[in-house]
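Novice: Each chain, written out:
Protein chains: 2
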Amino acid sequence: MLYKKSKQRDRILELLKTTGSHPSADWLYEKLKAEFPRLSMGTIYRNLSILEKQGLVKKIDFGSTYDRFEANITPHYHFICEVCGAIKDLELPVEYQLEKKVEEETHMTVHKHRIEFFGICNACMAKKGS
Amino acid sequence: MLYKKSKQRDRILELLKTTGSHPSADWLYEKLKAEFPRLSMGTIYRNLSILEKQGLVKKIDFGSTYDRFEANITPHYHFICEVCGAIKDLELPVEYQLEKKVEEETHMTVHKHRIEFFGICNACMAKKGS
DNA sequence: TTTATATTAGTAATTGTTCCGAATATTGTT
DNA sequence: AACAATATTCGGAACAATTACTAATATAAA
Numbered sequence: 001m002l003y004k005k006s007k008q009r010d011r012i013l014e015l016l017k018t019t020g021s022h023p024s025a026d027w028l029y030e031k032l033k034a035e036f037p038r039l040s041m042g043t044i045y046r047n048l049s050i051l052e053k054q055g056l057v058k059k060i061d062f063g064s065t066y067d068r069f070e071a072n073i074t075p076h077y078h079f080i081c082e083v084c085g086a087i088k089d090l091e092l093p094v095e096y097q098l099e100k101k102v103e104e105e106t107h108m109t110v111h112k113h114r115i116e117f118f119g120i121c122n123a124c125m126a127k128k129g130s
Numbered sequence: 001m002l003y004k005k006s007k008q009r010d011r012i013l014e015l016l017k018t019t020g021s022h023p024s025a026d027w028l029y030e031k032l033k034a035e036f037p038r039l040s041m042g043t044i045y046r047n048l049s050i051l052e053k054q055g056l057v058k059k060i061d062f063g064s065t066y067d068r069f070e071a072n073i074t075p076h077y078h079f080i081c082e083v084c085g086a087i088k089d090l091e092l093p094v095e096y097q098l099e100k101k102v103e104e105e106t107h108m109t110v111h112k113h114r115i116e117f118f119g120i121c122n123a124c125m126a127k128k129g130s
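Protein chains in written order, with my numbering: chain A, 1 to 130; chain B, 1 to 130.
Keep in mind that the hints are not guaranteed to be accurate.
For identical chains, the list gives no copy identity; a pair is met inside one copy or between any two copies.
[Stated by the list, open to error] The calculated lysine-lysine pairs, modelled on DSS-like cross-linking and capped at a C-alpha distance of 30 Å, are:
{"id": "1", "residue 1": "58", "residue 2": "7"}
{"id": "2", "residue 1": "101", "residue 2": "59"}
{"id": "3", "residue 1": "112", "residue 2": "128"}
{"id": "4", "residue 1": "88", "residue 2": "53"}
{"id": "5", "residue 1": "128", "residue 2": "101"}
{"id": "6", "residue 1": "112", "residue 2": "127"}
{"id": "7", "residue 1": "17", "residue 2": "4"}
{"id": "8", "residue 1": "33", "residue 2": "59"}
{"id": "9", "residue 1": "88", "residue 2": "4"}
{"id": "10", "residue 1": "100", "residue 2": "127"}
{"id": "11", "residue 1": "127", "residue 2": "31"}
{"id": "12", "residue 1": "58", "residue 2": "101"}
{"id": "13", "residue 1": "128", "residue 2": "53"}
Since the hints were derived computationally from the structure, they do not count as laboratory data.
Taking the hints into account, I'd like the entire structure generated from these sequences.
Specialist: Structural data, given as structure tokens:
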């Protein structure tokens, strides 16, 4: 099945590329419904899923009851604030040798790995102090 | 609020301790309903939540649409089979220096981290080959 | 054995996501 | 430009996992 272009999908991807906030489907819906008054959540989810299949978007399915999404598809790790739920991309180099170690230990095939760091972000730390 | 003992809760913890399968709430329910014919899912979820508060159980909330649970509370990483969904505990040493590196990079406070490795388990690899 | 309250079963409600069908938009062809 | 083929949309219904509620029951302590 081929893909036809869609204004909604283009804007979803554009929004994801220009925000660092790793938004939820609902956030995208709220942002775009002014632009597309008859927008529906089905459209958001379907397009996120298509963009993911195309390798342009990644789903972040941890640290929350709902999924979040990002268009930064270069390998990187995440920091999650335990207070406000913010997700930050980290610059920490990706440690591929860990995958080798797991393969040596288990003799299983490892395709990828993920690291999430949990703590308190600077903004929440500042609020806490006050 | 203090905790009174509950046969249901005791058995949930015991089951979790003696299985390596990182089961779902539903799996626990199916296993225990012979023993407690009037068991309800609410009881499973409530007790898992209490056991988690007590630090006896950890929720595994990634890689699936439903939560899974474990009673192995010593720090360790996970391997998730992309084919059958099995979760395996890894022996890989926990790399606490990564948390320091993140703190140096971001000047945020890191409390913990998690690593998940994704790949194909031995059982699924064998099936695939045949 | 009385009292206080944590726990349970059963069910209803909630949440996030997926699925569906009829209408619309996009693309390629004549 | 008109047409056919089909991907996409909207809107709402359906769904699955979890949480919330209430009356009845179990536990612990006095």
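Novice: At most 30 Å between C-alpha atoms: does residue 101 with residue 59 qualify within a copy, between copies, both, or neither?
Specialist: Both: 26 Å inside a chain and 25 Å across chains, each within 30 Å.
Novice: I want to check one pair: residue 128 and residue 53. Are their C-alpha atoms no more than 30 Å apart within a copy, between two copies, both, or neither?
Specialist: between (41 Å within a copy, 23 Å between copies)
Novice: How would you label the pair residue 112, residue 127 (within, between, both, or neither) given a Cα cut-off of 30 Å?
Specialist: between (36 Å within a copy, 21 Å between copies)
Novice: Using 30 Å as the alpha-carbon threshold, which applies to residue 112 and residue 128: within, between, both, or neither?
Specialist: between (36 Å within a copy, 19 Å between copies)
Novice: Go through the copies and call it for residue 100 and residue 127: within, between, both or neither, with a Cα cutoff of 30 Å.
Specialist: between (42 Å within a copy, 23 Å between copies)
Novice: When Cα atoms must be at most 30 Å apart, do residue 88 and residue 53 count as within-copy, between-copy, both, or neither?
Specialist: both (23 Å within a copy, 27 Å between copies)
Novice: Evaluate residue 17 and residue 4 at a C-alpha cut-off of 30 Å and name the case that applies: within, between, both or neither.
Specialist: Cα proximity of residue 17 and residue 4: one copy only (20 Å, versus 51 Å across).
Novice: Checking an output row: residue 58 and residue 7, CA cutoff 30 Å. Within, between, both or neither?
Specialist: within (20 Å within a copy, 43 Å between copies)
Novice: From the Cα coordinates, with 30 Å as the cut-off, is the pair residue 88 and residue 4 best called within, between, both, or neither?
Specialist: Neither, since 33 Å and 41 Å both go past 30 Å.
Novice: Can you tell me if residue 33 and residue 59 fall within 30 Å by alpha carbon in one copy, between copies, both or neither?
Specialist: For residue 33 and residue 59, only the intra-copy Cα distance (21 Å) is at most 30 Å; the inter-copy one is 36 Å.
Novice: Please sort residue 58 with residue 101 into within, between, both or neither, judging by C-alpha distance up to 30 Å.
Specialist: both (26 Å within a copy, 25 Å between copies)
Novice: Within a copy, between copies, both or neither: which one fits residue 127 and residue 31 at a CA-CA cutoff of 30 Å?
Specialist: Close inside one copy (27 Å), not across copies (46 Å); limit 30 Å.
Checked against the numbered hints listed earlier, the structure breaks hint 9 alone; every other hint is satisfied.
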